[in-house]
Amino acid sequence: MPKSRKGTVAIQSVKGRLRLCWSHEGKRYFLSLMQPDTTINRAEARLTATRIEEDIRTRNFDESLNKYRYGERKPNSIGALTLIDRFIKFKSSECVNDHETL
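For what it's worth, the numbering used here labels the leading residue of the sequence shown as 1, then goes sequentially.
Among the hints, a few may not be true.
What the hints assert, rightly or not - Calculated lysine-lysine pairs in the BS3-like style (CA-CA distance at most 30 Å, straight line):
| id | residue 1 | residue 2 |
| --- | --- | --- |
| 1 | Lys15 | Lys67 |
| 2 | Lys15 | Lys27 |
| 3 | Lys27 | Lys91 |
As the list claims (entries may be wrong) - The following label-pair restraints were derived from C-beta to C-beta distances:
| id | residue 1 | residue 2 | range |
| --- | --- | --- | --- |
| 4 | Leu65 | Lys15 | 44 to 54 Å |
| 5 | Lys91 | Ser23 | 48 to 58 Å |
| 6 | Ser92 | Glu44 | 38 to 48 Å |
| 7 | Gln35 | Arg59 | 37 to 47 Å |
| 8 | Ala43 | Arg86 | 34 to 44 Å |
To be clear, the hints were calculated from the coordinates, so they are not data collected in a lab.
Yeah, the Cβ is synthetic: ideal placement off N, Cα and C, and Gly gets one too.
Based on the sequences and whatever the hints tell you, model everything.
In structure tokens:
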């Protein structure tokens, strides 16, 4: 595999799956994207690589790599169990209100 330019993120195919590879402050990073090596997935990988390169340039790099993983959960998202629990509470209060008399 040819060596990448300094400050760039390389896209590699390992056993048919894509991963990103780069160095930052003397440390080597690998991010497995868990995606098959297809044209569309390579385009998405390039977007992620560009985001990492930009974050390194602007000193916003996330060393945990959580920021760059696919399927990242948003801080304000809720889980399925919480959503179901809220729905049940809402419906039970709605049923009580339907059966109230004036």
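Lys91 paired with Ser23, Cβ distance criterion 48 to 58 Å: For Ser23 against Lys91, whose Cβ atoms are near 54 Å apart, the range 48 to 58 Å holds.
query: Taking 30 Å as the top limit, are the C-alpha atoms of Lys27 and Lys91 close enough?
result: 53 Å, violated
message: Against the 30 Å threshold, does the CA-CA distance of Lys15 and Lys67 hold or violate the hint?
response: Cα-Cα ~25 Å, so holds.
message: Can you tell me whether the CB distance of Gln35 to Arg59 sits inside 37 to 47 Å?
response: Hint violated: Cβ distance 28 Å, outside 37 to 47 Å.
Glu44 and Ser92 - C-beta distance against the hinted 38 to 48 Å: At 43 Å between Cβs, range holds.
message: Hinted pair, alpha-carbon criterion (30 Å max): Lys15, Lys27. Please report holds or violated.
response: Cα-Cα ~24 Å, so holds.
message: Taking 34 to 44 Å as the stated bounds, is the beta-carbon spacing between Ala43 and Arg86 within them?
response: 37 Å, holds
- request: Please test the hint of 44 to 54 Å on the beta carbon pair from Leu65 and Lys15.
  value: 20 Å, violated
Violation of the numbered hints given earlier is confined to hints 3, 4 and 7; the remaining hints are satisfied by the structure.
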